[in-house]
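**Q** Sequence:
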Amino acid sequence: MNELATKYDPRDVEDKWYAYWMEHGLFHSEPDEREPYTIVIPPPNVTGVLHMGHMLNNTIQDILVRRARMLGKNACWVPGTDHAAISTEAKVVAKLAEEGIKKQDLSREEFLKHAWDWTHKYGGIILKQLRTLGASCDWERTAFTMDEKLSKSVIRVFNKLYEKGWIYRGVRMVNWDPKALTALSDEEVIYKEEQSHLFHLRYKVEGDEDKYIVVATTRPETILGDTAVCVNPNDERYGWLKGKRVIVPLVGRSVPIIMDDYVEMDFGTGCLKVTPAHDVNDYMLGEKYNLPSIDIFNDNGTISEAGGMYVGMDRFDVRKQIMEDLKAADLVEKVEDYVNKVGHSERTDAVIEPKLSMQWFVKMEELAKPALNAVETDDIKFVPSKFKNIYRHWMTNIKDWCISRQLWWGHRIPAWYLPKGGYVVAENEEEALLKAIEKTGDGSLTLADLKQDPDCLDTWFSSWLWPVSLFNGILDPDNREFKYYYPTTDLVTAPDIIFFWVARMIIAGYEFAGDKPFNNVYFTGIVRDKLGRKMSKSLGNSPDPLELIEKFGADGVRMGIMLAAPAGHDIMYDDSLCEQGRNFCNKIWNSFRLIKGWEVADIEQPASSAKAVEWFEAKLQSIATEVEDLMGKFRISEALMAVYKLFWDEFSAWYLEVIKPAYGSPVDKATYDATLRFFDMLLRMLHPFMPFITEELWQHLAERKDGESIMYAKMPVGTEADAKIIADFETLKETVAGIRTIRKQKQIPQKEALELDVKGPRNADMDSVLTKMGNLTAIVEVEEKKPTASAFIVGATEYSVPLEGKINVEEELAKLNKDLEYYTKFLAGVEKKLANERFVANAPEAVVAVERKKKADAEEKLAAIRTALAALK
RNA sequence: GGGCGAUUAGCUCAGCUGGUUUAGAGCGUCUGCCUUACAAGCAGAGGGUCUGCGGUUCGAAUCCGUAAUCGCCCACCA
Numbered sequence: 001m002n003e004l005a006t007k008y009d010p011r012d013v014e015d016k017w018y019a020y021w022m023e024h025g026l027f028h029s030e031p032d033e034r035e036p037y038t039i040v041i042p043p044p045n046v047t048g049v050l051h052m053g054h055m056l057n058n059t060i061q062d063i064l065v066r067r068a069r070m071l072g073k074n075a076c077w078v079p080g081t082d083h084a085a086i087s088t089e090a091k092v093v094a095k096l097a098e099e100g101i102k103k104q105d106l107s108r109e110e111f112l113k114h115a116w117d118w119t120h121k122y123g124g125i126i127l128k129q130l131r132t133l134g135a136s137c138d139w140e141r142t143a144f145t146m147d148e149k150l151s152k153s154v155i156r157v158f159n160k161l162y163e164k165g166w167i168y169r170g171v172r173m174v175n176w177d178p179k180a181l182t183a184l185s186d187e188e189v190i191y192k193e194e195q196s197h198l199f200h201l202r203y204k205v206e207g208d209e210d211k212y213i214v215v216a217t218t219r220p221e222t223i224l225g226d227t228a229v230c231v232n233p234n235d236e237r238y239g240w241l242k243g244k245r246v247i248v249p250l251v252g253r254s255v256p257i258i259m260d261d262y263v264e265m266d267f268g269t270g271c272l273k274v275t276p277a278h279d280v281n282d283y284m285l286g287e288k289y290n291l292p293s294i295d296i297f298n299d300n301g302t303i304s305e306a307g308g309m310y311v312g313m314d315r316f317d318v319r320k321q322i323m324e325d326l327k328a329a330d331l332v333e334k335v336e337d338y339v340n341k342v343g344h345s346e347r348t349d350a351v352i353e354p355k356l357s358m359q360w361f362v363k364m365e366e367l368a369k370p371a372l373n374a375v376e377t378d379d380i381k382f383v384p385s386k387f388k389n390i391y392r393h394w395m396t397n398i399k400d401w402c403i404s405r406q407l408w409w410g411h412r413i414p415a416w417y418l419p420k421g422g423y424v425v426a427e428n429e430e431e432a433l434l435k436a437i438e439k440t441g442d443g444s445l446t447l448a449d450l451k452q453d454p455d456c457l458d459t460w461f462s463s464w465l466w467p468v469s470l471f472n473g474i475l476d477p478d479n480r481e482f483k484y485y486y487p488t489t490d491l492v493t494a495p496d497i498i499f500f501w502v503a504r505m506i507i508a509g510y511e512f513a514g515d516k517p518f519n520n521v522y523f524t525g526i527v528r529d530k531l532g533r534k535m536s537k538s539l540g541n542s543p544d545p546l547e548l549i550e551k552f553g554a555d556g557v558r559m560g561i562m563l564a565a566p567a568g569h570d571i572m573y574d575d576s577l578c579e580q581g582r583n584f585c586n587k588i589w590n591s592f593r594l595i596k597g598w599e600v601a602d603i604e605q606p607a608s609s610a611k612a613v614e615w616f617e618a619k620l621q622s623i624a625t626e627v628e629d630l631m632g633k634f635r636i637s638e639a640l641m642a643v644y645k646l647f648w649d650e651f652s653a654w655y656l657e658v659i660k661p662a663y664g665s666p667v668d669k670a671t672y673d674a675t676l677r678f679f680d681m682l683l684r685m686l687h688p689f690m691p692f693i694t695e696e697l698w699q700h701l702a703e704r705k706d707g708e709s710i711m712y713a714k715m716p717v718g719t720e721a722d723a724k725i726i727a728d729f730e731t732l733k734e735t736v737a738g739i740r741t742i743r744k745q746k747q748i749p750q751k752e753a754l755e756l757d758v759k760g761p762r763n764a765d766m767d768s769v770l771t772k773m774g775n776l777t778a779i780v781e782v783e784e785k786k787p788t789a790s791a792f793i794v795g796a797t798e799y800s801v802p803l804e805g806k807i808n809v810e811e812e813l814a815k816l817n818k819d820l821e822y823y824t825k826f827l828a829g830v831e832k833k834l835a836n837e838r839f840v841a842n843a844p845e846a847v848v849a850v851e852r853k854k855k856a857d858a859e860e861k862l863a864a865i866r867t868a869l870a871a872l873k
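Reminder that position 85 of the first sequence reads as 85 in the working numbering, one-by-one numbering, no gaps.
Just so you know, these hints were derived from the structure itself, not from any lab. The beta-carbon is built from N, C-alpha and C at its ideal position, and this holds for glycine as well. Be a bit skeptical, because a hint or two may be false.
[Claimed, not checked] DSSO-like cross-link-like pairs, simulated, lysine-lysine; straight-line CA separation at most 27 Å:
no. : residue 1 : residue 2
1   : K128      : K73
2   : K633      : K386
3   : K451      : K439
[Said to hold, decoys possible] Listed next, with one range per pair, are the computed distances between beta-carbon atoms:
no. : residue 1 : residue 2 : range
4   : V840      : I526      : 48 to 56 Å
5   : K16       : I526      : 45 to 53 Å
6   : E430      : I526      : 19 to 27 Å
7   : Y338      : E236      : 22 to 30 Å
8   : T777      : I526      : 29 to 37 Å
9   : A601      : M572      : 29 to 37 Å
10  : M572      : G422      : 51 to 59 Å
11  : E430      : G170      : 44 to 52 Å
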C-alpha cells in the first residue's frame, strides 16, 4: 500500500532535519522590518552537561521561539555559556590535583592556560546536546561570558559604577567559603537545618574563681576568639556581673562582661560569648564596644596561629577535641540537642565561615528602585505572578553586593594599586597608568609600579549584563542590533535564580541600557521525580536526557516534559510521560499513512464527508483561537493538550473515521484536498512542540524547494468558528456513542447494519454522518418506540434500535430506571431553586432563565424516559 | 520567627471577576475487541460529601475566618 513503516522511527528523521535546518541557516536572524521576537538563553555553565532542568527550560524556549517564527516574527534565540567562576575553577583545580599539580605552585598565567584548555575541551558540549533536543538557537550568535566584547562590557560597567560611587572597597564581614577559598555574596549561602548541639560552658569570674557563669554556644571552637561575654542589662540574674571580667575556659584569657539588650534573656542561659571575628552579630557588638577581634581561622578553615591552641587543626575536629578537653577540665555544664541553621556554600557545599575581609561591593539601594517599580507595575510581567512577592521582598530589603571573588578564573577586577597606597580604577593598564600619574602627580610611574587587584568578579557580575552585552549594548549602545533586539521579549528561567540573575538583570537593564531587559519572565518549576524528590546525582533519580531522546525521540521527550509542566508548578517527571509523547508521534505518523494510502478519484463527495469537512474546519478554528489564548498566558502544557486532543480525538477518531472510504475504494478529490489542508494546519500547530516529526511529514504534503521548511509556514490563527455545527457534531457524537453502547451490550458487530428509530425533536443535518458512523440501514422517525427496540436518549430525543429477539426487557428497564432516578433528582433540585422566591427575585435574569431552561429540558427528558418505560411494559 | 502559595478522581492538574459545571481533562484502572492507519491501537465503563470546621450569600470548589497537612521564600536568637 505504501512504503511507510507502521511505527514511527525518530532516529534518522531527527538528525536529518536538524542538519537541514542548520545547512540552510534557518535559525539565523538578522534585523529587518519584521517585529523582533528575542530570547536570550539562561547561559548554562560552560563545562556543564545537559540535565532535566535544561530540557524543560529549553523546550519551553524553543516552543516560544518556533511559534513566534511561524507567526511571522523575526525570531532570535541567542545561545551561550557562562564561565561559572567558582565551579569551573574548582573543576580545574581538581583536575590539576589529579595530575599532582597544586594551584599555588602555578602562576596566574599558567593556571589560566589550564583553565582555558579545560574550557575548550569541555566547553560547549551542553550546547551540542541542546541540538539533539531540536533547539532552534541562532548558533552563529553563540556567546561566552568571557568573550572579548562581553568581558570589556563587564570592565566598562565596573568603571561606570565606580565613577558613580556605587562600587566601593572595604573591610566587611563576608561569607567565606573555606573550600573554594573565596568570599561569597549573601545569595550564594544556603541555610540548611542541622541537628547539632548547644554546649553550655563555664566561664569563671576573674578574681572569684569559685563563681562562674554559663554560656551557651553551638560553636565551642570559637571560644579561642572570644573577647567578651555579653548579658542583657535588664537581666536580674546577672546584675552582679557588672564591671567584672570572666576567664575564657581553657584559653585562660580574661574578657570583660558587656551589657547590651541585643541578648535575649530567655535564650540559652542569657549569656552570650562574643567572638567579633567570626559572627556577624558579635562583629556588631565588637564595633559598638570597641572589642578586640581575634581571627582564629586560616582561610581553609583550620586554626591559625592567632588561635593559640589546636593550631592547624580543622575547625570540626577542634569542635570535638575542645569539648573533650573542656570536659576533662570540668568546664562543661551540659550539652543539649539543638537544631539550628547552618550556612553552606551554594557551589561547594562547604560550611560558610563568617570572616572579616577586604572586598569590593556594589551599593544596591538606588540601583534597585527602577527595577522594583518595573515589576510592581507589570511593565515586566512575572509568570506566575506569585514571584512578584518574593521579588518585592528581596528588592525592598536589598543589601550591598559583594562582587569580589578570590579566584583567577573570571573577569579580573580592574583596579590597580599604587606603590604608596591607594588605587585607581580603569578600563585597562594604559588608562590605569595615566590615572595613577594624575592621582599621584608622579610622572615617573610606570606600569611595573602598578599592581592589579588579583581577585576576580562574581560570575553574576557578568551575567547580569547578558541581554545587553550579547547585542553589544554596553560598548556600542547605538548599534543596529541592540536597537532592534533589545528589550528582549521573553525570559524563561528557574525560580531559584530569581535574585542571582533575574533581579540583577533587571537592575542592569535599567542602569546600563536605560530600559528593561525583557518584557516577560516565565518561571519554570523544578523537575522532580514522581515521588516529588528533587532530581540529584546523589539520589540517582535523574534520567539522562540524551538516553531519553534515544529511547523516545526528541519530540516524544519534549511532549512528555511539557505535559508534566503546568505553569507555576514543579514537574513530577515520569518516563511514562515520554511514552505518551512517543505514542502520539506514532499516532500522527499513522494518520498520515492512512491518508497517504488513499487513491483519489474523480467521484462525487459523499454528504457525510462534506459535513465532516465543514465541521472540522470550524473545530480547527476554535482550537486555534484557544491555543492562541493559552500561549499568550504561557499556559503551554494546556495549549499542547488542546492540540493533542484536536489531533487525536477530533481529527483521528472522528474526522478521519467519517471520511474514510470503504476498504479498496477511492476518496473524492474535494475531501482529499480538504484533508491534506487540515493535516497541514495540524502539523503547523504541532510544530513548535514537536519540530522533527512535523517537518518530516510536512515534506510529503507538497512539493517544496530546497530550503523551505515548516518552521516558516504560517501558524493558523483562529477566526470566528461556526458554533452551531460544532454543537451539532457534539450531539452526533453522543448519538453514535449510544448506538455503540447498544452494539456492545448486545454484542452486535460494527459490520452488521442497524435501523435507528427516532422519536422527538431532532435535527437531520447530521444524518449522513450518523448513518455512516452508526452503520445504519435507515433513520426512521417513529411515533412510538417499537417494543422490541433498545433505546437511549440524547437531549430530549429518544433513539432506539429495533432488535428482534435480542432485547432484554430487564436490562432496558434497569437502564431507563437509572436515568429516571437521576433526572428526577435533578429536576427536584432545579425546582427547589426556582421555588425559592429570593433566588428568583435576586439572581440575574439570565441565571434564572438558565434554571428555567434546565427545568424544561429535564421535564422533556423525563417525559421521554417515562414513555419509553411505558412502552417496555 | 515573619511572609507567600497549595490542598479538587488512584496520579498529575484545569476550573480566571461566586450562577451554562448536573464538578472537568490527561494518564492510570476495569470490560470488550488483533475491525487491513495505528495493540505505541479501537470501543466502552467506573471513579470526587472539591482537606476539616464555621461564616457571608437567594446561591460557594470559587469570597471571608479558622484549624490541619505539605511546599517555597526571607530572617543576626547564640
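**Q** If a hint holds in the structure, say so; if it doesn't, say that too.
**A** Hints, one by one, checked against the model:
1. K128 to K73: holds, 26 Å
2. K633 to K386: holds, 14 Å
3. K451 to K439: Judged against 27 Å, a Cα distance of about 15 Å means the pair holds.
4. V840 to I526: 48 to 56 Å: holds, 51 Å
5. K16 to I526: 45 to 53 Å: violated, 34 Å
6. E430 to I526: 19 to 27 Å: violated, 48 Å
7. Y338 to E236: 22 to 30 Å: Holds, at about 26 Å.
8. T777 to I526: 29 to 37 Å: violated, 59 Å
9. A601 to M572: 29 to 37 Å: violated, 51 Å
10. M572 to G422: 51 to 59 Å: Check passed, 58 Å falls within 51 to 59 Å.
11. E430 to G170: 44 to 52 Å: Between E430 and G170, where Cβ atoms are some 27 Å apart, the hint is violated.
The structure is inconsistent with the numbered hints 5, 6, 8, 9 and 11, although it conforms to all the rest.
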